[in-house]
Amino acid sequence: ENLPFFITCLVVLKIIKHYQEEGQGSEVVQGVLLGLVVEDRLEITNCFPFPQHTEDDVDFDEVQYQMEMMRSLRHVNIDHLHVGWYQSTYYGSFVSRALLDSQFSYQHAIEESVVLIYDPIKTAQGSLCLKAYRLTPKLMEICKEKDFSPEALKKACIGYEHMLEEVPIVIKNSHLINVLLLDLQEKSTVADKPELLNLSSSNHLEKSLQLLMDRVDGMSQEIVKYNTYCRNLTKQQQQKQQYLQRRQQENTQRQSRGEPPLPEEDINKMFKPPQAPPRMDTLLIAGQVNNYCQNIKAFTSQNLGKLFMAEALQGHSS
Amino acid sequence: MSRFFATGSDSESEESSSADEITPKATGTTFNKQFEELTNIIKTIRNAMKIRDMSKCLEEFEQLYRAFLKSKTIVDKEGVPQFYIRLLADLEDYLNQLWEDKEGKKKMNKNNAKALSTLRQKIRKYNKDFETEISSYKENPEQSAEEEEKDDIGSASSSKSDDDEGVTASKFLKGAESESEGDEESEDWGSDSVDSGGESEDNEGEAASLAVVFLKKYVAQDGDKQPERKKDDRRKRHKKMEQVDEEADEEGEGEEGGWEKVKGGVPLVKEKPKMFAKGTEINNAVVIKKLNEILQARGKKGTDRSAQIELLHALAGISNENNLGEGILVKIKFNIIASLYDYNTNLAAFMKAEMWKKCLECIDELLDILFENSNMFIGENIAEDSENLAISDQPFRVRGCILTLVERMDEEFTKIMQNTDPHSQEYVDNLKDEGRVCGIIDRLLQYLESKGSTEEVCRVYLRRIMHTYYKFDYKAHRRSLGLQGETKSEQDQEESEGEDSAIIMDRLCKFIYAKDRTDRIRTCAILCHIYHHALHSRWYQARDLMLMSHLQDNIQHADPPVQILYNRTMVQLGICAFRRGMIKDAHNALLDIQSSGRAKELLGQGLLMRNMQERNAEQEKIEKRRQVPFHMHINLELLECVYLVSAMLLEIPYMAAHEFDARRRMISKQFHHQLRVGERQPLLGPPESMREHVVAASKAMKMGDWKTCHSFIINEKMNSKVWDLFPEAQRVREMLVRKIQEESLRTYLFTYSSVYDSISMETLSEMFELELPTVHSIISKMIINEELMASLDQPTQTVVMHRTEPTSLQNMTLQLAEKLGGLVENNERVFDLKQGVYGGYFNRGTRTRPRNLIKDHFQIKINCIINVVFS
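One line per chain: the protein sequences are U and G, in this order. Using the numbering used here, read the first sequence as starting at 1 and increasing by one per residue. Using the numbering used here, read the second sequence as starting at 1001 and increasing by one per residue.
FYI, nobody ran anything at the bench for these hints, they're computed from the structure. Here the structure is a predicted model, which means the values were calculated and not measured. For glycine and all other residues, C-beta sits at the position ideal for the given N, C-alpha and C. Treat the hints with caution; some may be incorrect.
With a straight-line Cα cutoff of 27 Å, these simulated DSSO-like cross-link-like pairs (lysine-lysine) come out [unchecked claim]: (1) G:1102 / U:155; (2) G:1707 / G:1600; (3) U:154 / U:207; (4) U:269 / G:1717; (5) G:1834 / U:146; (6) U:272 / G:1819; (7) G:1102 / G:1122; (8) U:297 / G:1515.
Interface residues of chain U toward chain G, partial, derived using beta-carbon atoms under 10 Å [unchecked claim]: (9) 36; (10) 37; (11) 50; (12) 203; (13) 217; (14) 219; (15) 251; (16) 252.
Produce the entire structure from the sequences given, and follow the hints as far as they go.
Okay, here's the thing in structure tokens:
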């Protein structure tokens, strides 16, 4: 079902350039993807960044800017269908409420919209890391309802694994570009890339662990919240039950005495159920934790590979 | 009622109080109180007028105004009192007169002149409200006074019945009774003077003398007051005598005759008071009678207390002259001391130093007598009628408790010290009397050891202990240093003959431990004993005693003074531990006191300002009474310094050792607070206060720089502020240097071990100027305690680091694992709730097995992650 979509190398380079120029550290850059839909298949052909602006710039109107930009691009004959957006990530942290909300609004408007997540750190280490995500139809349903109560999520049967679906990407270039690339490959001297075998990974791991820990803490808090809610709920249920029983007894007594029974409507007013904590955050955190874990796993397995390799080489040389 | 308005406050209150005895009337008392207040204020105003103290006048006038408003309800009912009007009129006249007197005004100082003008304006405005009354008074001042006089005679009964109108029917009967009684009385006193001629003459004389004083005071205003006052006085006197008579009747018919004679023979009071008529045979019975007579007046309102004391003294003189024997003398002495104590009616107020000294002398004399007469028995339990005061073959028996008197004397001494400014010469002078107090207690102790019961001995021992425990025994100290005292003067040598205070303390306390049956005395004795041990650096004895007493468990049930004593003891214990170099013990002992931040309050050395709102005046008074006199204070700066330095010596190495530990706990919050305060300083100058010194030293120690640390802790400033306060200052300083060296070495190793592969012990010993064996032992200890991952290489004398401390990444992984554990547990709880299984996580049955598997699975996963990270 998830057909891969095409993306031109222009878009990739532009995103990388955008981060290189404006992003730094944990700051996130964002931009708009433009393209067109050809027979159910999405093609992303161009993009432009959101300008960075500070809080003080109250006059700045983002929507206005986008419309302006798109109009201008149309003048130079560029595809102007707004098919999604891109965002950089810091050590793989991107699953958040903000992303969910904006992706929902995109997907709500154009079903094929995607979000491209670009990981500059991994890319800097030598492997381009660009991933496209879409919200699953289930999640779309829930977001449409705007009901994040525990029951609703339970009914929808949604777990953190089913929130986002990754869409495969194919980078497709025009033949001219391919020719150029081949030409360049010929010309370039053999790039020595010692980083590939670099083992000084503790910094990366430390950062990831820190972020992971932070999220685990968040998760703990959410669980505690939920826990108290559950306890309150059961307590109230018990009270309600007791009250009902008492009322029933009273009513039977009254009946035997020939008096009219007491009404029972006020029960819900008396026992207002406690406010259930929204569970969406928990899900998001779980998704994020999962993400970190995948990252760490991938990273460590890679490093282990390198270690074994180094060991083998050493044994061979000695 | 207007009768009362005119009279002075004294007779009025006397009257009402005697009426109160018969039928208590609430309105009557408030009424009297308020008017008494008014008359008192008026009196002060008149005095101030006399000395032209305008500011005082103004102040008092404002007070009067307020007081008048307060009694408004009564005024509404009864009309404006005459004396009030009189004052207003007089004051206005007086002010106008002053105002006119331009030259006098010029002479006035600024404040007074200002007050004069304000007061003048005020009174002008105020008097408008009373215009008619004032003018009527001015027209005919005589008449208005006379009116009162007439009222006075007529209204006694009527006013009574007036008052009783509001009383309910049941009370009415009583009221009626009292009325008739009152009537009787009021009829009585007219003819009374005839009845018991001599006696009332005496009273008359006294009253007249009073009236003279009175006249002097009021001579400008009212001559009319004199007879009125006299009458009242006579009347009250009469009543008193009636009571005396009654009691005398009860006591014995046979002496009645003698009694009459005595009464008859006291004609003149203006001269030196004579007790007995000339020629009266003075014997025991007579003197006792007289004594009783004097004592009857005790505790009554309006009794001149100083006169009473004098009378008693005179009586003592007479009995001495006539050789009536020591029994009676002792009895009188007892009463003199008691009435000296009575002189201040308010328990909270302290005695005047002179009074107290008199009392001291009296007690001394009393003790002299007691020592001279071994066949005398005194005690509280001897009943009044079984006393034997006459000289006879039988031993004297006198009722009275010398111990109580001495105790009271001691308490008064404490009170005097509490209320004297500790920085004045007066305080020093007063403190010199402490020796006399101790002397008296010592003498009493000797006396009671031979005569008293165990309980009494315990009590007097405790007194002795209380005067000993806080004093440092320099003699013993010098002696222990090798008899340096021998070169001193003879007097010193004589002094050093006495027993060591330690031995005395030991003897007294042990007696109390064995014999005391009241818990309080024993507790106090133990605490004092510990304090004394601690003060003299006998740490182990002090500590063992503290631990054996188990006081720490139940001290919170004790009363506040004992708690204060406990706090003082704990603090002293901590300081002692510090002197002996037991830093950890010192810190633990001081932690409670210092962490509260209320050390001053807890030690009873002053009240904290911030509590002012929380407590009312009453509580404050009580708290003030608990304060420890200044000469017993523990230096708070010393205390804090000792605490902070011990905290530094403990905390800095600990911090260095657990730099990455997430679960690191603070040892001392206060110390951290000081560090943070130091860090917050925008500009760090050289340290000024003691705290800043400690903070600066801590920073140096963090870097392992012991020399800087040392120079911050021990320098001239700190010496004069803190260290020189110790009796063995030099030894303490040496100990401190050593500790700083050792702890700096430890800190250095913790902080920089990751930099070294190996380090030679010789270098370390040079760096920290410690002997090689010491360095060796410190490092060995660290290795044994697994604080330092290293081994010692014996041949080369080097420490070889193992580098097995977890890296930061590994630390983090461990933290993560812990957090995940917590997460799982929380999750389990949710699950429990869903399943309806209550109870702990671990005591679940077989039913929950699958979940345990889940958990295990999870655990395995965590372990995997950790393994990967560690590899």
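Output the indices of the hints that this structure fails to meet, ascending. 1, 2, 3, 4, 6, 8, 9, 10, 11, 15 and 16
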